[in-house]
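There are 2 protein chains.
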Amino acid sequence: MKKIIDAVDDVVVDALRGMSLAHPDTLRVDLDHRLVLRAQPKDDGKVAIISGGGSGHEPLHGGFVGHGMLDAACAGEVFTSPVPDQMTAAIAAVDRGAGVLQIVKNYTGDVMNFEMAAELADAESGIAVRSVITNDDVAVEDSTFTAGRRGVGGTVLVEKIAGAAAEEGLDLEAVTAVAERVNAGARSMGVALTSATVPANGKPSFELGEDEVEIGIGIHGEPGRRREKLAPAKDLARTMLEPILAELPGEGPVLLFVNGLGGTPLLELYILAADAHEILAEAGIEVSRHLVGNFITSLDMAGASLTLLRLDEELTRWWDAPVSTPALRKGI
Amino acid sequence: MKKIIDAVDDVVVDALRGMSLAHPDTLRVDLDHRLVLRAQPKDDGKVAIISGGGSGHEPLHGGFVGHGMLDAACAGEVFTSPVPDQMTAAIAAVDRGAGVLQIVKNYTGDVMNFEMAAELADAESGIAVRSVITNDDVAVEDSTFTAGRRGVGGTVLVEKIAGAAAEEGLDLEAVTAVAERVNAGARSMGVALTSATVPANGKPSFELGEDEVEIGIGIHGEPGRRREKLAPAKDLARTMLEPILAELPGEGPVLLFVNGLGGTPLLELYILAADAHEILAEAGIEVSRHLVGNFITSLDMAGASLTLLRLDEELTRWWDAPVSTPALRKGI
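Line order of the protein sequences matches chains A and B. Going by my numbering, the first sequence opens with residue 213, and the numbers climb by one from there. Going by my numbering, the second sequence opens with residue 213, and the numbers climb by one from there.
Calculated from the structure, these hints are not laboratory results. There could be a bad hint or two in this list.
Which copy? The list can't say, so a pair holds if one copy fits it or any two copies do.
Straight-line alpha carbon distances no greater than 30 Å define the calculated DSSO-like cross-link-like pairs of lysine-lysine that follow [stated by the list, open to error]:
no.	residue 1	residue 2
1	214	441
2	542	441
3	441	415
4	415	214
5	542	258
6	214	254
7	254	542
8	214	258
9	254	446
Here chain A stands alone, though its shape is the one from the complex (with noise of 0.2 Å):
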């Protein structure tokens, strides 16, 4: 195994230290509870957002922490969910008397635990939590480590969404409504190319031929739906938008998310945006906003994800919204 990287036990701890010291005017972080904060808290009144999951998919969802999207992150050992005490803790510290919003991707663990510090938070500090549990991978039904669909891309696109309603001054039913709706409105599939390796692993999850690519892979090396030869940029385009176009729900303009699952470089993941883009035109599908880059990866593996939302004129105007995180950052 190549990483670079200290002890294997302490990865999570070393690169939120990082971080802390790479963005100190957007974050802090809390080490004993693996916590990436806002620099500078919300304002009061507003509903508060926090997030989390298992390390290992940076930048989500530290990377999407400050004004216009989170305002906590739990970091998880690798691949692995926090546990309900990090959340407990984010949710004391952002709350800002409008309750909190957690959103969840939708792997058992994760769910598991931010369900029970919804309660315990409620229970001791009788703070409103609501959550949302994002499943917009339509590869497979269930997998690994999920009943039903996985919650992947569009994750990203919910915190935003939602970051930004909450930011607006929307209360905690209103925010929870609009990720919900962010949720339903999106669809994604991705591919590998090769494994990640996990460091606690030493070597690579699964193994794929030189010529191999698993078609609807999770963001933990799951299995997708099959294995095929690998295609041309275009190919990969189409096999993965033909089954998320089957599911989109409503009509009118789309968001498309190109994102890149961690070893796959930027010169590709453009490539495989225009052919999207041009797939999309052909079907009459208008692409009113695009998304490019390595937003929710699974370390070292080489793949990509594409995720589809359809846009109204509210959620444009939120996605439109300023934002300013390590990650994602415009209009301020």
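Got chain A; can you put chain B on it based on the hints?
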């Protein structure tokens, strides 16, 4: 070779199409000349800045086009200099009557082609063109494609800071002097854990053993100083910082730039940043500004580079100045 591409010969143009689709508010693309240009040209009377070089180092340079940084970037084939016609087209497109600065990494082909372009632009249109050659890599004196030292991470800092000075309204001689000052105050070194694979070659450019790293790697895979057994991140940081510090001029605080070479996860870059910060603190050096991420890459190469830049009040102000490009954005 596993890559998300369509035709090997079209990777640069295909990626440029994707860039223009992904960033319509910031960029436009001239596909004939393979240029990335600002969507909104700079004000009349301000110095324009162009850069460019071989593709495969994304986001460098096209991702740095926008307010506060570059006015245009010329994209060569992968790891191959752009041709003078591209630069003359860029110069003609971006000149606002105050002349044009070219920022050129010190590789023989780039230096020759940008020089020829400057002469052509002067002869054909009378546009004043100056060039600054970046050569911040302390690893080796001459290299595969270079007489003298290679231009690497420092180039990003030159583009940001000279871009801010140009936006502030400094004249051509003054902006050129700022760029030279940044290059003179910057020192870099990189390590590779794996080789990159150039699409046209179809196989890794070099082989490294399962436990080996190349110390002092170039961004095209040019050999460094030596090969070593992979060590903990803190030892790698020290191996890079010692020769950097031995040559870093001046005194006072520094900017620490931790750059990923393409295939290394952000988690590891933050670990390296924490280690580098600690080593510098032990040496009594204050890190007053940070940049951590993939900014000058080598396709899918796993590895990282460190760059230090000695800061003063003026350089710090230009570093902090608003910038709005696809890859670097703050204060806007």
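Comparing the hints with the structure gives:
1. 214 x 441: Both. Shortest intra-copy (27 Å) and inter-copy (10 Å) distances satisfy the 30 Å Cα cut-off.
2. 542 x 441: This pair counts as neither: shortest intra-copy Cα distance 39 Å, inter-copy 42 Å.
3. 441 x 415: Answer is both: 23 Å inside a copy and 18 Å across each meet the 30 Å cutoff.
4. 415 x 214: Both. Shortest intra-copy (9 Å) and inter-copy (19 Å) distances satisfy the 30 Å Cα cut-off.
5. 542 x 258: both (21 Å within a copy, 25 Å between copies)
6. 214 x 254: neither (40 Å within a copy, 45 Å between copies)
7. 254 x 542: both (18 Å within a copy, 20 Å between copies)
8. 214 x 258: Close neither inside one copy (44 Å) nor across copies (47 Å); limit 30 Å.
9. 254 x 446: Neither: 43 Å inside a chain and 36 Å across chains, both beyond 30 Å.
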